[in-house]
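A.B. asks: Following the hints, put chain B in place on chain A, whose structure we already have.
Number of protein chains: 2
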Amino acid sequence: MPAPGSALASTAVTDLIEATAALVAVPSESHHEGALADLVEQRLRAAPHLRVDRVGDNVVARTDLGREQRLVVAGHLDTVPADGNGSPRVDGDVLWGLGSADMKGGLAVMLELATTIAEPAIDVTWVFYAGEEVAAVHNGLRTLLAERPDLVDGDAALLGEPTDGVLEVGCQGSMRLAVTLRGARAHTARPWMGRNALHRAGHLLAALDAYEGRRPVLDGCEYREALQAVFVEGGVAGNVVPDLAVVTLNHRFAPDRTAAEARAHVEQVIALHLEPGDDVEVVDVADAAPPGLHHPLLATLRARNDLDVRAKLGWTDVSRFAAAGIPAANFGPGDSALAHTRDERVERSSLEVVRDALGDLLRHGA
Amino acid sequence: MPAPGSALASTAVTDLIEATAALVAVPSESHHEGALADLVEQRLRAAPHLRVDRVGDNVVARTDLGREQRLVVAGHLDTVPADGNGSPRVDGDVLWGLGSADMKGGLAVMLELATTIAEPAIDVTWVFYAGEEVAAVHNGLRTLLAERPDLVDGDAALLGEPTDGVLEVGCQGSMRLAVTLRGARAHTARPWMGRNALHRAGHLLAALDAYEGRRPVLDGCEYREALQAVFVEGGVAGNVVPDLAVVTLNHRFAPDRTAAEARAHVEQVIALHLEPGDDVEVVDVADAAPPGLHHPLLATLRARNDLDVRAKLGWTDVSRFAAAGIPAANFGPGDSALAHTRDERVERSSLEVVRDALGDLLRHGA
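Protein chains in written order, with the working numbering: chain A, 159 to 524; chain B, 159 to 524.
Chain A with its partners taken away, still in its complex shape (with noise of 0.2 Å):
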């Protein structure tokens, strides 16, 4: 333990294993943000350097000291479902329980950074937003960008999604579409009197089995596009040909697509098997972000620490800064492969590295 009054005593004092253990005791299950935001906003209203503003179960803290940059860095308050996970256990040096990675760690190192640097080089705008595990039309940081951009914008944004202390740039997109290919009922005992559209789909999915993605190189980080069918249905009777067969397709594209080049690839790779009275129609897209290296603060942030950096192939919400014009990077503690398993767990470790990174970065700008 460190003596009193040591430079290290408020690293020591906030422990961020317990400190994530306090938000993860808070349940916030997506809809039912308001008690953790209540606390949030409660520690943020204590730093008298952060001039505070809640929307709804929002809650955004800000510098306001006349930087030359402002880096905005979010994260979202709410969890999926507890899954028998509901209560934080520390043990040792690891901390289990719902949301421990994905992303209340990455919120008590938002929390710590942002009550204790109370004069940072560069600006800072701390967001903390509901609804992100849930449909977009519920999307907290989707609701401040569009009725409040005042209050989220900035020079570049991170997004505390778990990375496990990695710089995961930009994202890649992500469309549904669903391809209905057409047939004619029959007597199976007759099957050549009408044409069976499962047997046409096999053709789209055999072609789906060799599809091989792009694997685009952006600011030095290579991303891998795919193309996977995620459903499909068709069936009308134990003795009938089917006549329709619906494949739903997920389409992973890099950020040097639009959703538009990105559709039309994915209707040149079916087009050899679609045939007139075929139906492709687009069920929902999410834009692609770029990597977005090339600005000063993530540059920066990436040189001092000496981060490893790749390509975020999932879709996260950098791509909503990334379309209010805002670069941005995923940056957060955990593994986000124990995202919403029942062996959800942040370690020590992780959480302080990004807490190092990020507190040099506010303490020494670009």
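The set of hints was computed from the structure by calculation and includes no laboratory data. All residues carry an ideal CB built from backbone N, CA and C; glycine is no exception. Each statement offered as a hint is correct.
Have a look at the derived ranges for each label pair, beta carbon to beta carbon:
{"hint": "1", "chain 1": "A", "residue 1": "Arg373", "chain 2": "B", "residue 2": "Glu380", "range": "52 to 58 Å"}
{"hint": "2", "chain 1": "B", "residue 1": "Val295", "chain 2": "A", "residue 2": "Val295", "range": "45 to 51 Å"}
{"hint": "3", "chain 1": "A", "residue 1": "Glu380", "chain 2": "B", "residue 2": "Glu425", "range": "42 to 48 Å"}
{"hint": "4", "chain 1": "A", "residue 1": "Asp501", "chain 2": "B", "residue 2": "Val438", "range": "33 to 39 Å"}
{"hint": "5", "chain 1": "B", "residue 1": "Asp308", "chain 2": "A", "residue 2": "Asp437", "range": "57 to 63 Å"}
{"hint": "6", "chain 1": "B", "residue 1": "Glu425", "chain 2": "A", "residue 2": "Val443", "range": "41 to 47 Å"}
{"hint": "7", "chain 1": "B", "residue 1": "Ala304", "chain 2": "A", "residue 2": "Asp501", "range": "53 to 59 Å"}
{"hint": "8", "chain 1": "A", "residue 1": "Ala304", "chain 2": "B", "residue 2": "Ala336", "range": "46 to 52 Å"}
{"hint": "9", "chain 1": "A", "residue 1": "Val295", "chain 2": "B", "residue 2": "Ala429", "range": "47 to 53 Å"}
{"hint": "10", "chain 1": "A", "residue 1": "Met351", "chain 2": "B", "residue 2": "Pro307", "range": "34 to 40 Å"}
{"hint": "11", "chain 1": "A", "residue 1": "Ala193", "chain 2": "B", "residue 2": "Arg348", "range": "33 to 39 Å"}
{"hint": "12", "chain 1": "B", "residue 1": "Glu425", "chain 2": "A", "residue 2": "Ala180", "range": "56 to 62 Å"}
{"hint": "13", "chain 1": "A", "residue 1": "Ala293", "chain 2": "B", "residue 2": "His190", "range": "44 to 50 Å"}
C.D. replies: Okay, now just chain B, sitting in the frame of chain A:
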């Protein structure tokens, strides 16, 4: 109108269109055949040359003249649910309505011949049974063959399913198989971490699309096998690589194969696309029936009336007679393509062709 007492009197009195309409007017959806069974039983009991037995809603009437040969003529009492066509409508020489083709036209012919030919050249057993349009467990013919085989025994059998006066011999077997293909789940942004079971199913379905069934010729009749996917199920969530695909197949096999041989054939066709851990399960199976045209009663029916003959590709209850060692064929009025449709109907000429041919067989024997 023929003069009273003319040779045509009995034919003229019984208008088969009107007789069928009277049966269509008595609803007899599966599981609700009681009222129609009552009516049929009453009509049959009024004929002193018949011995009548009733087992549940199955009615059996027999001559007992000690003839050398006994023909069984069977027809089901039940219909599928009405589709706005529950009431009979006569339009000239056409009767429209639920069950007109499948198979109250056949029942009308059976009742007419059963009650008017008191001294046939062969003994006849008339079987009116319930529960043909639903699961086999409800099938009245199955019940009689199992519980009262003495009532339905004979040298050959005819089933009055709609064949529009063609002798449709034997029937193909039908087997449903559930093929379960396995993969491994992964996030669709990193599908190479898993394996898409639906993509695997694509190769299987494409192989089915290329399948060419055998066309064996038996007793001069060409059968035609088929193998169709009737259902495909698979999918976990819009962002998850599916780890399971279940393809349900329906195989129709000719009477020169047993069910075991048919199953082995299907397994051979799909073997290339199976891997350890996959499953093939026979969901249900119904045996094929050989054509039986060698039997003198069926051969005579064909020859004396110059009937067209073809293989029955669908499965019918003739298979139950065949399994009991009784050669059987399908022979009835009405077009099977109209069965189970809103536009179900039967034409007078079709009713009369069947009545005349069957009446001739009964009067003259083999």
